[in-house]
Structure formats: C-alpha cells, structure tokens
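With the sequences and hints as input, model every part of the structure.
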Amino acid sequence: MPTADRREQRVLIVAPHGRDADVIAGVVARDGVDCEVVANADDLVDAVDQGAAAAIVSEEALSPQALTRIAQWLGKQAAWSDFPFVVLLAKRFGAAPAQLKTTLAALGNVILLERPLSADTLATAAGSALRARRRQYQAREVLAQREAVADELASLNANLEARVDERTWALARANDRLTAEIMERERAQQAMAQAQKLEFLGRFTGGIAHDFNNLLNVVQGNMELINMFSREDSTRARAKTAQAACRRGAKLTSQLLSFARNQLLDLRPLAVKTLFENVEELAKPILGAGIELTVAAGDDVDAVLADTSQLEMALLNLVINARDAMAGHGRIDVRATRAQPPAGTLPAGSYVCVTVSDNGPGMSPEIAAKVFEPFFTTKGVGKGTGLGLSQVYGMAQQSGGGAFIHSAPGNGATVAIWLQAAQGDAAGDGAAAIDRQGLAGLKVLVVEDDGDVRAGIVDALLALGCDVSQAGGGTQGLAVLASGEPGLLLTDYLMPDMTGVELAVRARQLFPRLPVLVATGYADMGAIENAIGTHAVLRKPFQLADLSAAVARVVNPG
Numbered sequence: 001m002p003t004a005d006r007r008e009q010r011v012l013i014v015a016p017h018g019r020d021a022d023v024i025a026g027v028v029a030r031d032g033v034d035c036e037v038v039a040n041a042d043d044l045v046d047a048v049d050q051g052a053a054a055a056i057v058s059e060e061a062l063s064p065q066a067l068t069r070i071a072q073w074l075g076k077q078a079a080w081s082d083f084p085f086v087v088l089l090a091k092r093f094g095a096a097p098a099q100l101k102t103t104l105a106a107l108g109n110v111i112l113l114e115r116p117l118s119a120d121t122l123a124t125a126a127g128s129a130l131r132a133r134r135r136q137y138q139a140r141e142v143l144a145q146r147e148a149v150a151d152e153l154a155s156l157n158a159n160l161e162a163r164v165d166e167r168t169w170a171l172a173r174a175n176d177r178l179t180a181e182i183m184e185r186e187r188a189q190q191a192m193a194q195a196q197k198l199e200f201l202g203r204f205t206g207g208i209a210h211d212f213n214n215l216l217n218v219v220q221g222n223m224e225l226i227n228m229f230s231r232e233d234s235t236r237a238r239a240k241t242a243q244a245a246c247r248r249g250a251k252l253t254s255q256l257l258s259f260a261r262n263q264l265l266d267l268r269p270l271a272v273k274t275l276f277e278n279v280e281e282l283a284k285p286i287l288g289a290g291i292e293l294t295v296a297a298g299d300d301v302d303a304v305l306a307d308t309s310q311l312e313m314a315l316l317n318l319v320i321n322a323r324d325a326m327a328g329h330g331r332i333d334v335r336a337t338r339a340q341p342p343a344g345t346l347p348a349g350s351y352v353c354v355t356v357s358d359n360g361p362g363m364s365p366e367i368a369a370k371v372f373e374p375f376f377t378t379k380g381v382g383k384g385t386g387l388g389l390s391q392v393y394g395m396a397q398q399s400g401g402g403a404f405i406h407s408a409p410g411n412g413a414t415v416a417i418w419l420q421a422a423q424g425d426a427a428g429d430g431a432a433a434i435d436r437q438g439l440a441g442l443k444v445l446v447v448e449d450d451g452d453v454r455a456g457i458v459d460a461l462l463a464l465g466c467d468v469s470q471a472g473g474g475t476q477g478l479a480v481l482a483s484g485e486p487g488l489l490l491t492d493y494l495m496p497d498m499t500g501v502e503l504a505v506r507a508r509q510l511f512p513r514l515p516v517l518v519a520t521g522y523a524d525m526g527a528i529e530n531a532i533g534t535h536a537v538l539r540k541p542f543q544l545a546d547l548s549a550a551v552a553r554v555v556n557p558g
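Residue 274 in this note's numbering sits at position 274 of the sequence shown, with consecutive numbering throughout.
Wrong hints could be hidden among the right ones.
In silico lysine-lysine, BS3-like type, Cα no more than 30 Å apart, as pairs [to be verified]:
#	residue 1	residue 2
1	LYS284	LYS273
2	LYS101	LYS76
3	LYS284	LYS370
4	LYS91	LYS101
These aren't lab readings, by the way, just hints derived from the structure by calculation.
Take a look at the structure:
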C-alpha cells in the first residue's frame, strides 16, 4: 500500500499522562490498525494534515489552546470530511461541566468513552471510527469523480460553441461544393443535350440537302443545255431565270450542309487582314450611314485555316444580323486575336478567335441557346431564312474549330468563331472554262441510282463530246466495267447497294490507273480522300463548266 494510503488508515493517539498512550496503542493495534502516538494537540493537527483515519484523545489533552487549534483545522477540512474523535473522559459523579459540553461541540464527530473502560470497548470504538472514516473516503472518491465529470462537461461546454461553428463552416463548405457540382453537372447535361440536338438536326438537314441537290442538279443541267442549244431568245431567257433560281437553291443547300458539317470545304491558309479588307468592302455599302463598322486584327494574327468563300459569307451574315438587331443604328466591331479557347471546348492547338460584336439590345439566354439551330430566327416573316448562324456554326465545326455566342439583354451580342491558326495565304483559283475539244471522245461510265440525275449528267457529258455509258448502281457499274476499261468512272456517292467509294475501290482492283470522279451533294470527304485521293469530288449541283473542269482535272492530273 502506498505511504499516503497508509497514513490515511492510521489512528492518532494523544494521551499525555504516564503510559496511557502506549497502552491505548497496544489495544487498538491488536486488530491490525496502524497507530501513531503524538505528544500534544499541535502535533495532532500536523499529523492529521498528512493523513489520518481517526484520533483517540484523552480529556486532559484538550486544553483551551489545543482545542482552539483543533477547531481551526476542523473548520478548514474538506466538505466530504467529518474527522472522528474518540474522547476518553475521566470518571465523574454527577452532571458534566458546561466547559466539557463546549469542548465536545467544537470537536463535532465524537465518540465518548468514560474511564476506566475495557479493552474491547476501546477497540470497538476505534473500529467504528475507522469504518466511518473509510465511508468518508469513499464519498471523497465519488465527489472526485463527479468533479472530474463536471470539469470535463465544463470543458466541453466551453469548446462546444467553437466546435459547432467549425462544424457549421465545414457543412457550409460541403454544401457549396455540392451546389457547384450540381450546377456544373446541369450545365454539362444542357451542353450535351444541345450538342445532341444540333447533331440530329445536322443529320436531318444533311439528308434533305442531299436529295435537294440531286433535284437542283437535274434542273440546273437541263436549263444549261436548253440555254446552250436553244435558238429562241425567250426560251433562253427563261432558262437563265431557272438557272438563277438553281443557284439560289444551291446556296440554301450549301448553308444546310455547312450546318450539317458535310459541306465540302476547301480549307486553305487564309490571310486574316485580307479577309477583313474584303468583308469591310462588301459590308459597308449594305450597312448604311447609321452603322459604324470597325475591323482590326492583332499583330500576332497571320492566317487561319478556312474556306475563303464560306468564311466571308459567315462574317457578312453576322454583320447583317448585327445591323438588323440594332435597327440600323449602332456599332459593329470585327476583331481577330490569338487566344486559347475555353477549357474542354476544342482540342489543344493554336487558334485565332474572330469575333463580331454589336452594342444592340442583346438577347435572353433562352434565345441565345437556339440561335445556331437551322431555321430559327427572330426576324419577321420573309426577312430571314434562319440559316445564317447555323451556317456559321457548321462552317466553324467543319473547319476544325467552333462557334459560340455571348449575349445578355441590354448588353449587345458577340459571336466568336474559333479557327485553327495557319501561316501564309493560298492563291485563289481562276474561273473554270468549258473544254469541249479536250474531252471529245473520252469514254465515261456514269453510275447514279437516281434516273433523272443520271440522265442530266449523261446529257451534259454528251454535250462535252464524251462517249458515255451508264449504270443505275454499283453492281451494274461493275458489270459494265467487266466489259472494258473506260477513260473515266463518274459515280454518285450515296447509293443503295454500295457507296461510290466502295465502287471506286473495286474498280481500281480491275483497273489500277482508272481515273475516278465522285459527284455528290453529301459526302464523307475523309473516306473519299483516303480511297481515291484529293481533288476527286464534284459537288452537286454543278454547272457545265464545273463538270468540264473536274473531268479534265482527274483525267489529266498533270
């Protein structure tokens, strides 16, 4: 047992006369109790401070001075403590004096034994005092535990507010992150839905454009032949009117195909400053005096990879749309800068951003989300086809870039066209001429599943002096090829039994050096170029001069 615990279990004995203290200690110690004899009341108080279970005190040791010292110590004892005293009284006859009552009241927890007394009586009294003191020790432990719990609760309460604030702040941050993730997911879902809608519309309009181009090709070819061979001025005039309508229809399908990303663009390096000069020259006469037009290209901007005519048309469409939005009064800025597109929108690379901005009324987010859709327009009936911005979108996509619009009500609108940066400027091609003499006698096999289109192409080739055979599909074309090699295979691209590229590949297996020309209004340029090389496509609807030039190009590539 530790020394401190042993001291708390001892009994202190104060009996100043004779051998009384030793006798008392011997009696108490028989039951295994640790006893210690002290000389006087001052030593008793010092010993109790170090730890004791009880005190056996003879009456004569309780002088007024000693009682005062003991009373002071008793007044300072802990709340759980009620130190027991066994007081040995001298034998009296009659009532106890008042001073003795005062003394006993000052001691508090007192067991009185009158001398002479038996050893058993003394031992029993000492044992009772010890048991009472041990229960006080147990109460002390309970109180200590309660105080520890109370201290812990006080500490928890002191930190509770800070912990609540910290937890609230962490929950707020988690909620902010969750809200941001939800908003980002919604934006991504909206962007995906918009992309899927535009992709579907692109395929749909591309299919329409293909069929419409075939019809235009029939009308265009026949009107050109009528104009060529007719001797009546009135007939030729009507043919020219029909040809003009065909050209307008071809422009419409060109816009549709540009949106569908199936337009056959001639992508070449195009100097941006030259482009801006042409656009400014074309735009100023149609803008009017109320529109201020400014164009500027950054010093680090050289050229972009684009189709000259398509990009010029796109910028003119944007400028005219801006003029209409501002009701003929305002400012239009056309700019070109080297920049990096927004993250995740385009593949990594070097880009030029061409913007057309106006200070008009702007538009709501709901309208801005629809402006690239074909046939969507905010203009009145008869004032727009709704294909201008869809053509811009398709042209940018097919050129390896992208198109975006930024607008808000009251803050104007900005359309940004992102195009791949390039170096230098490609020279323009000269106008094609009809070469009847150079094509005279050329054996041409025409493969086209549409009978009217095939008849128009055959008549045009015959007018050029060619020797023409024909087939209504790829399988029939291969059967004709089995009888001999022609000077040229002219085939449609989309056919029921096989595509024009598949026909060209199988024809080249029979005749490796056979020239092939694919005439189409809707084609996979990558598939054609991989199979039969570049410059082997003739876009429908075509004029006789276009047909003559394309045939001469593939037959005589040098």
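Results of checking the hints against the structure:
1. LYS284 to LYS273: holds (16 Å)
2. LYS101 to LYS76: Given pair LYS101, LYS76 holds - Cα atoms ~22 Å apart, limit 30 Å.
3. LYS284 to LYS370: holds (28 Å)
4. LYS91 to LYS101: Since the Cα atoms of LYS91 and LYS101 sit roughly 15 Å apart, the hinted pair holds (cutoff 30 Å).
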